[in-house]
Amino acid sequence: MSSKDVCGACFHCIFDYQTPVMLVISKKRVGTLFRLIQLLIIAYVVIYVCWHQRAYQLQDSVISSVSTKVKGNILTNSPTEGVHVWDVSEYVIPPQGESSFFVLTNMIVTPGQTQSSCPEVPSKFTNCESDSDCRKGSNEVRGNGVQTGKCVQLSGTIKTCEVRSWCPLENDSQIPRPALLSAAEDFTVLIKNNIQYPKFSFRKRNILRHINSTYLSTCTFNRATDPHCPIFRLGDIVSEAGEDFSAIALKGGIIGIFIDWSCDLDFPERFCIPKYSFSRLDSKNPENNVAPGYNFRYAKYYKNNGSIETRTLIKAFGIRFDVMVFGKAGKFHIVPAIVNLGATLAFLSLVTAVCDWFIFNCMRDGDYYAKHKLVHLGQKNDGMPLSSTESTSYGTP
Amino acid sequence: MSSKDVCGACFHCIFDYQTPVMLVISKKRVGTLFRLIQLLIIAYVVIYVCWHQRAYQLQDSVISSVSTKVKGNILTNSPTEGVHVWDVSEYVIPPQGESSFFVLTNMIVTPGQTQSSCPEVPSKFTNCESDSDCRKGSNEVRGNGVQTGKCVQLSGTIKTCEVRSWCPLENDSQIPRPALLSAAEDFTVLIKNNIQYPKFSFRKRNILRHINSTYLSTCTFNRATDPHCPIFRLGDIVSEAGEDFSAIALKGGIIGIFIDWSCDLDFPERFCIPKYSFSRLDSKNPENNVAPGYNFRYAKYYKNNGSIETRTLIKAFGIRFDVMVFGKAGKFHIVPAIVNLGATLAFLSLVTAVCDWFIFNCMRDGDYYAKHKLVHLGQKNDGMPLSSTESTSYGTP
Amino acid sequence: MSSKDVCGACFHCIFDYQTPVMLVISKKRVGTLFRLIQLLIIAYVVIYVCWHQRAYQLQDSVISSVSTKVKGNILTNSPTEGVHVWDVSEYVIPPQGESSFFVLTNMIVTPGQTQSSCPEVPSKFTNCESDSDCRKGSNEVRGNGVQTGKCVQLSGTIKTCEVRSWCPLENDSQIPRPALLSAAEDFTVLIKNNIQYPKFSFRKRNILRHINSTYLSTCTFNRATDPHCPIFRLGDIVSEAGEDFSAIALKGGIIGIFIDWSCDLDFPERFCIPKYSFSRLDSKNPENNVAPGYNFRYAKYYKNNGSIETRTLIKAFGIRFDVMVFGKAGKFHIVPAIVNLGATLAFLSLVTAVCDWFIFNCMRDGDYYAKHKLVHLGQKNDGMPLSSTESTSYGTP
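Note that the protein sequences, when read in sequence, are chains A, B and C. Here the first sequence is numbered in our numbering, starting from 8 and rising by one per residue. Here the second sequence is numbered in our numbering, starting from 8 and rising by one per residue. Here the third sequence is numbered in our numbering, starting from 8 and rising by one per residue.
No lab work stands behind these hints: they were computed from the structure. Because the structure is a prediction, the values reported are computed rather than measured. Worth double-checking, as some hints may not be accurate.
Which copy? The list can't say, so a pair holds if one copy fits it or any two copies do.
[Unchecked claim] With a straight-line Cα cutoff of 25 Å, these simulated DSS-like cross-link-like pairs (lysine-lysine) come out: (1) Lys378 - Lys34; (2) Lys131 - Lys322; (3) Lys211 - Lys258; (4) Lys206 - Lys338; (5) Lys322 - Lys291; (6) Lys78 - Lys131; (7) Lys258 - Lys322; (8) Lys211 - Lys338; (9) Lys335 - Lys211; (10) Lys76 - Lys282; (11) Lys291 - Lys76; (12) Lys282 - Lys131; (13) Lys291 - Lys258; (14) Lys335 - Lys206; (15) Lys291 - Lys378; (16) Lys11 - Lys35.
Full structure from sequences and hints, please.
Here's what the structure looks like:
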């Protein structure tokens with residue numbers, strides 16, 4: 008072969024256009040079936056994939072920053088502590104206003120604790136009759152201190168092992184009923200939330216553009232009338248979570264404040280608005296539960312003149328509010344669009360296989376069509392050179 | 008049919024190879040169009056999908072742990088408090104060094120508060136002329152205590168309702184200008200960040216391998232000269248966020264420190280380095296804002312000899328720094344690779360449809376090609392048995 | 008053309024069924040190759056994509072809420088502080104039981120600090136011989152206060168610059184060995200974790216349904232015997248992370264408690280159980296490290312009679328436990344299923360191309376098959392009307 012021939016062959020190889028030879032069958036039944044299946048697949052793509060699932064979108068997860076501010080005062084009048092007015096810096100712990108904040112609703116106060124020795128709280132492990140029942144240095148994980156080895160009088164006829172600890176020990180067998188700060192129901196919390204979707208350089212906050220300062224100074228969130236007010240009454244949050252405030256105030260609990268920022272960013276920015284929802288996160292089930300409710304202990308430390316450290320221990324029951332921001336934003340992007348459309352196109356090619364099967368197996372003259380569709384070709388030596396040449400050399404003499 | 012025949016038919020059904028018959032059209036125009044579109048699609052796949060979007064990669068989201076440590080001291084000299092040197096344990100709240108930390112920059116101190124009664128701060132709701140203007144037990148969410156029902160002298164001619172609360176009440180109408188601790192600008196913060204991508208068992212920290220202890224003891228982050236130093240000057244962070252430190256120090260604010268760990272893990276581990284960026288997260292817009300800036304109240308509690316609890320209330324203004332770690336890592340994985348390539352292949356099959364349409368509709372001899380491409384087949388009874396047999400029985404006598 | 012003709016053409020265009028004409032080659036070698044490749048692709052789809060990767064599933068990321076509660080007491084007997092029993096409210100900081108909690112294991116206590124002046128801790132920057140070596144108002148970021156400009160006696164022959172600060176200054180050159188609270192190893196922590204997958208409205212907590220209160224009151228997590236007990240011994244956590252408790256207790260560190268909630272929600276809910284793992288998050292590498300371990304300073308404030316504020320500064324070393332919840336849940340969904348199947352189908356069409364290439368290039372009678380597969384068609388004017396008409400007009404007279 009001359010080099011010119013090689014070039015020509017190459018040229019043909021590259022620029023000859025190949026298109027499949029198609030058999031056209033003019034049968035209404037088959038044609039209808041074919042178009043019907045095609046239509047179903049296209050409808051699926053348009054309606055479900057594109058419209059409902061928005062599979063043509065690139066997705067990004069939300070990044071969020073939350074700050075919270077609780078407002079309200081409570082007056083309590085307990086027999087032991089007297090009249091006391093509680094303000095935010097006392098009942099919100101920690102005070103910084105982060106996305107997870109705790110509002111004190113009930114407490115057991117043990118004032119005047121010092122490092123000394125005292126009898127343990129009675130239980131089957133701590134009750135004793137003589138010193139031999141106590142073991143010096145014993146340090147039970149579930150106990151309240153380190154045993155001194157002595158068995159001492161607690162009250163009346165009960166004797167318990169003495170422990171070295173912050174004494175007197177807290178007695179948490181009785182919690183105040185009703186909850187001391189059950190009026191916390193009327194407190195309000197302002198939640199400020201800034202989010203961004205870094206992939207789309209999209210930023211927004213939950214105080215929407217159309218909300219002005221005057222409205223903010225008076226509004227309270229209400230799903231029906233004020234769905235965009237970022238100030239929530241604690242009682243409303245708890246009742247929207249399906250709980251009873253006075254019950255949860257007693258032993259505490261964890262309430263989730265969910266802010267859903269799922270957005271379709273192909274629409275204008277103003278349609279991207281947060282949706283609030285609330286639900287209780289800890290379990291009330293008494294069956295398989297341990298330490299139900301939500302509480303923790305903290306102490307305020309004092310030093311007397313003689314520089315002896317005294318503390319007031321507080322077992323704080325209350326509601327922890329966890330603000331949880333989630334959501335995904337989608338925006339049209341060529342890659343997921345191509346992938347989803349392409350994959351569905353591939354399914355369209357299955358339709359031909361289905362229709363062929365239908366023709367060859369379910370129609371009376373299936374064999375006739377099969378003969379025309381399938382060009383059988385055997386071994387070269389038993390072929391018919393004449394007809395084969397004839398049928399493949401049109402136009403290339 | 009004998010069982011041998013059935014076997015043979017089955018065998019043919021399974022092992023006969025079917026390949027579509029193609030019509031080859033040697034027209035430069037069509038061939039060029041065909042190759043051009045193919046090339047465009049392949050270029051899209053190679054350049055955009057593979058190289059730019061890395062759609063052949065499996066993705067994972069970052070899991071991160073952050074610890075922070077602020078350094079620096081400030082001397083303030085206020086007329087009421089005298090000379091005071093502030094150290095980290097005083098101005099960083101909470102002190103633990105978590106991913107969100109607050110640096111105190113300004114404050115209103117109200118010392119000597121005790122549980123007692125005092126006149127409310129004047130406002131249109133609290134001003135009064137006689138006891139009848141006040142309601143005993145009234146407890147406004149936006150008030151400072153629980154009203155006793157008395158109307159008392161506040162100062163000069165102003166009378167307000169008396170409240171039971173921590174008295175004297177804080178007067179936050181005037182905040183110190185300039186901010187008391189505006190020199191906090193020169194503090195530094197060390198940010199330690201460990202991340203992992205659990206799907207790829209990949210772990211790394213922001214103190215890179217080539218950084219040694221000597222460098223760390225002296226460096227300060229600078230985007231141009233020290234982009235990998237994990238020690239940041241607060242003033243630099245704020246100015247990179249486009250804010251003025253002395254302004255933000257006055258009323259507080261929230262600054263986001265973003266660490267972007269987006270990585271292509273098909274490259275060696277050393278190319279996976281964090282990118283830092285900073286921006287202000289709270290809103291400065293005075294129009295639709297409430298409680299601008301960032302502040303909270305906390306108290307230090309003291310007990311005098313007579314065991315009366317006294318407290319110093321501090322309204323703390325300052326900057327909350329939120330370290331936010333985000334990013335996705337990608338690594339080659341066969342499933343997304345197949346999905347993306349497959350979907351694009353499916354698009355290649357569209358090219359033939361486009362070219363066919365072009366030939367049949369836009370070219371002069373379109374009908375001629377159409378005739379060869381489409382083999383029309385009608386009802387069996389109006390067929391031509393001879394030619395059909397002839398054309399489909401090559402090689403299978 | 009009459010309107011009836013137009014209608015008819017349209018009708019044909021829509022309801023004529025087109026199916027590609029196929030060349031059937033009865034060659035065992037080719038047929039086997041073809042079926043083999045098809046089988047491989049189908050096996051890949053079924054086994055890898057569907058069974059192993061579950062690519063037919065829609066995925067969602069976990070949303071989680073964690074609360075923790077540490078239990079245990081420690082008795083320490085230091086020469087300076089005397090006997091002291093530590094309880095949870097003292098050694099867990101902050102006390103609220105959030106997902107990140109710190110357990111104090113070692114400390115340097117500096118009692119009786121007041122705002123006054125004292126000599127700096129010696130270093131090459133603070134040592135001096137006369138007042139001229141000190142600069143009034145100098146405020147080093149790494150120093151402990153603001154210099155007064157005087158050079159004063161520290162001890163023996165050492166003189167350092169005087170600073171105004173909380174005095175006396177802390178001396179942290181020596182940390183207690185062994186760690187003061189190294190017995191913290193025996194503390195236990197109860198971790199309560201509630202998760203949800205919002206897309207699937209799926210909620211679960213780590214206290215599984217079959218666990219009852221009796222078991223919870225006694226169990227301790229053990230990978231072999233009690234893998235579902237949510238109560239962990241601190242020592243076990245640290246040793247599972249591959250660390251030595253007494254070593255980490257000395258200077259502190261950060262331990263990650265990972266809870267993996269990866270679930271296949273096509274299975275019943277009871278198969279979705281959390282998997283716990285532990286690892287150290289901070290770096291022990293002494294080479295490129297700064298401030299190794301984990302520590303922070305906090306203070307307790309007291310007021311003496313003369314209302315002079317005194318504080319006890321505590322440099323707290325300890326272990327920060329970060330509970331990190333991650334995981335993705337998958338559930339069958341039609342969109343990813345279609346996309347993955349479709350994309351693989353598209354690959355099936357590549358098989359024909361591979362087999363054709365094999366026939367035409369590797370088989371002896373490749374040319375013969377090529378001739379039958381490819382129907383060459385040249386320019387109209389050099390065509391052969393007779394044969395072309397003959398071959399394309401079957402059945403359409």
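Going through the hints against the structure:
Taking the shortest Cα distances, Lys378 and Lys34 sit within 25 Å of each other both inside one copy (16 Å) and across copies (19 Å). In this homomeric assembly, Lys131 and Lys322 come within 25 Å of each other (Cα to Cα) only inside a single copy, at 23 Å, whereas the closest approach across copies is 39 Å. Proximity of Lys211 and Lys258 under a CA criterion of 25 Å is satisfied inter-copy only: 22 Å between copies versus 37 Å inside one chain copy. With identical chains, the CA atoms of Lys206 and Lys338 are at most 25 Å apart both within one copy (10 Å) and between copies (19 Å).
Taking identical chains as interchangeable, the C-alpha atoms of Lys322 and Lys291 lie at most 25 Å apart only when both belong to the same chain, with a minimum of 20 Å there against 37 Å between chains. Only between protomers do Lys78 and Lys131 lie at most 25 Å apart by alpha-carbon distance; the minimum there is 19 Å, versus 45 Å within a single protomer. Only within a single protomer do Lys258 and Lys322 lie at most 25 Å apart by alpha-carbon distance; the minimum there is 11 Å, versus 30 Å between protomers. Taking the shortest Cα distances, Lys211 and Lys338 sit within 25 Å of each other inside one copy (16 Å), while across copies they are farther apart (31 Å).
Proximity of Lys335 and Lys211 under a CA criterion of 25 Å is satisfied in both settings, with 14 Å inside one chain copy and 22 Å between copies. Proximity of Lys76 to Lys282 under the C-alpha cut-off of 25 Å is restricted to the intra-copy arrangement: shortest distance 20 Å within a copy versus 32 Å between copies. For the homomeric pair Lys291 and Lys76, the shortest alpha-carbon distance between copies (17 Å) is at most 25 Å, but the shortest distance inside one copy (28 Å) is not. Taking the shortest alpha-carbon separations for Lys282 and Lys131, neither the intra-copy value of 51 Å nor the inter-copy value of 35 Å comes in at or below 25 Å.
Proximity of Lys291 to Lys258 under the C-alpha cut-off of 25 Å is restricted to the intra-copy arrangement: shortest distance 11 Å within a copy versus 40 Å between copies. Taking the shortest alpha-carbon separations for Lys335 and Lys206, both the intra-copy value of 11 Å and the inter-copy value of 11 Å come in at or below 25 Å. Taking the shortest alpha-carbon separations for Lys291 and Lys378, neither the intra-copy value of 72 Å nor the inter-copy value of 77 Å comes in at or below 25 Å. Taking the shortest Cα distances, Lys11 and Lys35 sit within 25 Å of each other only across copies (18 Å), while inside one copy they are farther apart (51 Å).
The structure fails hints 12 and 15 (numbered hints given earlier, in ascending order).
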